[in-house]
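**Q** One-letter residues, chain by chain:
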Amino acid sequence: MAKKSYDVQVVSKLCKACGLCVHLCPKNVFDRAKDGRAVPARPEDCIGCGTCELHCPDFCVETKEKEGE
Amino acid sequence: MKPEYEKYFRNNLPHIWCAGCGHGIVMSAWARAVNQLGLDKDQCVAISGIGCSSRITGYIDMHTMNTTHGRALTFATGVKMARPDLNVFVFSGDGDGTAIGGNHFIHACRRNIDMTVVLMNNNIYGMTGGQFSPMTPFGKKATTCPYGSIDRSFDMAELAKGAGATFVARSDIFHAKHLTDMIVAGFNHKGFSIIEAVSSCPISYGRRNGTPDPRDMMDNIKEMCVMKAAYDKLSDEEKANKIPIGILQQIDDAPEYTSEYEKLVERVQGGAK
Ligand SMILES: Cc1ncc(C[n+]2csc(CCOP(=O)(O)OP(=O)(O)O)c2C)c(N)n1
Ligand code: SF4
Ligand code: SF4
Ligand code: SF4
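Respectively, the protein sequence lines represent chains A and B.
Taking our numbering as reference, the numbering of the first sequence is continuous, increasing by one, and the terminal residue is 69.
Taking our numbering as reference, the numbering of the second sequence is continuous, increasing by one, and the terminal residue is 1273.
Okay, chain B solo, but in the shape it has when bound:
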């Protein structure tokens, strides 16, 4: 491992992720972002829920919490309220973040508490063997929809935008440098930042959907993910199988939760300590 970012890891590789699992690429992109930002790891907290994606906190050497399924954002909110001076990273999966944790997700977006969330989207419940998630695309197969999903799926970025998140971005494991840039930009934004990292699960998703080979999953992601500026110029027909990557929403003048709380305390206490 490169010495520049080796310091952000416990020395316990290999990780549990399967061969070619996109989550390792997300972890590497994140480490580059932290290195670029020059963060002191003792001033950082990394919090995750449950899932293959959430196992990431087992490898990161910061203050870490591997919490309960869907609840990473609630623990993170508690940490940030108690210690607003710390930098908080949250890692979640599409299942963890938008299914069982969906309600926490929308309220964290609306509340605008300063933290950086990386949602590792592999379109499936990877860890438990491949049940469909709210982000499994229409028609794709999972153990719980062996004939193809008839659910319309969530677009996490649109969901976050609608719920009022002040920084929403998307990137993917093919555009790994761009993913690092999005994490850096999200970190530098004061408020709730969410970055969807389009990842891959060759085992629980790919095997059921014609792409058991991680190289094919990578090629598909490369095809599908298009820079927002180029995406916006496409016709509706061309847009059908593409998704935009880049910063999708940024609002700089919304009140941030911990700052508002501090002001509230001062106001209620009349400025007295």
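Bound-form chain A, shown alone:
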């Protein structure tokens, strides 16, 4: 079975740079920009666990399984 892959997106204008997604992601997918906002730097490592979405207080992280791969 092919490994599933995911799109990870942060709506930057809603991000308040709390760092929770960066802190809780088990696969270290995120980096922080200079201003502290989350940047999905390594989406290829995402396992789709949903932790970032569940814990973002600002509704600005989303992960979606990529189709047709």
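Misleading hints may appear alongside valid ones.
Pairs of lysine-lysine, DSBU-like flavour, derived with a Cα cap of 30 Å [to be verified]:
#	chain 1	residue 1	chain 2	residue 2
1	B	Lys1002	A	Lys27
2	B	Lys1041	A	Lys64
3	B	Lys1007	A	Lys66
4	B	Lys1007	A	Lys4
5	B	Lys1233	B	Lys1222
6	B	Lys1239	B	Lys1140
7	A	Lys34	B	Lys1002
Since the hints were made in silico from the structure, they are not lab data.
Given chain A's structure and the hints, the job is docking chain B with the ligands onto it.
**A** Positioned in the frame of chain A, the structure of chain B with the ligands alone reads:
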């Protein structure tokens, strides 16, 4: 925002809550619960009091009321009595619900009126800058107890149980999926359901108590909140810094208030319309 639950929100984010405030996580867990339940938002009412937590009704797209401090349950009782067909959600804070609204709280518990209450507990009066609440833990600091609180705090779940609430549960912002499950279970219970959502206030609470960083508050909550089955097996010593999460009381055969009222009306009117 995920399209599945975007429909339950007005399109007015960002919200006012500070960076890393746990209340946003509670709102998201609640939205997942409503989506899971497949509720028609026009058949739902969301009512809150005053506080950062109570600001939640400014973002939810249902029939909403942001009422007066401590009085969300009284407005909710009125709505449910007038329209028992509607689904009623109530949001409150530890201050709103157990201090100024404490009396309404115990009587709503005892009356067993069908509604789902989410009490967002951040152990402080967040909105007004950090005065202590009845749920501020012993020894913790607030503007009104700068040397540490000497009050013994309320355990909201025990208070609700003692007052006769027929569904009492607790969950927290780390166990966010579990929080959704508790809200779903509370909604499905016919009667008064109260869910304590252990939340965080890095600004008004954390800054005074060594955890100004929301990540530290999250780690502490993760450490502290233990599933009830595991909690029950701990020794008294191990229990000292832990709290149980899960369904803590459920009574299924208690009379529900609006049903009793309907029966009363029928009885008094002799069945005549
Ligand atoms: C009758 C009345 N008294 C006092 C206030 C001031 N006040 C506003 S919010 C608040 C405390 C809210 O604390 P809590 O319910 O714990 O919510 P949080 O802000 O921590 O989420 C107080 C005392 C008020 N608005 N109305
Ligand atoms: S879904 Fe899980 S693995 Fe993927 S970015 Fe979010 S937290 Fe990391
Ligand atoms: S959890 Fe949300 S608000 Fe916080 S850093 Fe991540 S994307 Fe930004
Ligand atoms: S003061 Fe506290 S409770 Fe209020 S929004 Fe800020 S972090 Fe949240």
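**Q** Run every hint past the structure and note whether it holds.
**A** Hints and how they fare:
Restraint check for B:Lys1002 and A:Lys27: satisfied, since their Cα atoms lie roughly 22 Å apart, inside the 30 Å limit. For the proposed pair B:Lys1041 and A:Lys64, the alpha carbon gap of about 26 Å is at most 30 Å, so the pair holds. A threshold of 30 Å between alpha carbons decides the hint, and for B:Lys1007 with A:Lys66 the separation of about 24 Å falls inside it, so the pair holds. Taking the CA atoms of B:Lys1007 and A:Lys4, the gap is about 28 Å. The hint holds against a cut of 30 Å.
This hinted pair checks out: B:Lys1233 and B:Lys1222 have alpha carbons roughly 18 Å apart, not beyond 30 Å. Restraint check: the Cα-Cα separation between B:Lys1239 and B:Lys1140 comes to about 19 Å, which is no more than 30 Å; the hinted pair holds. Of the supplied pair hints, the one linking A:Lys34 and B:Lys1002 holds, its CA atoms being roughly 27 Å apart against a limit of 30 Å.
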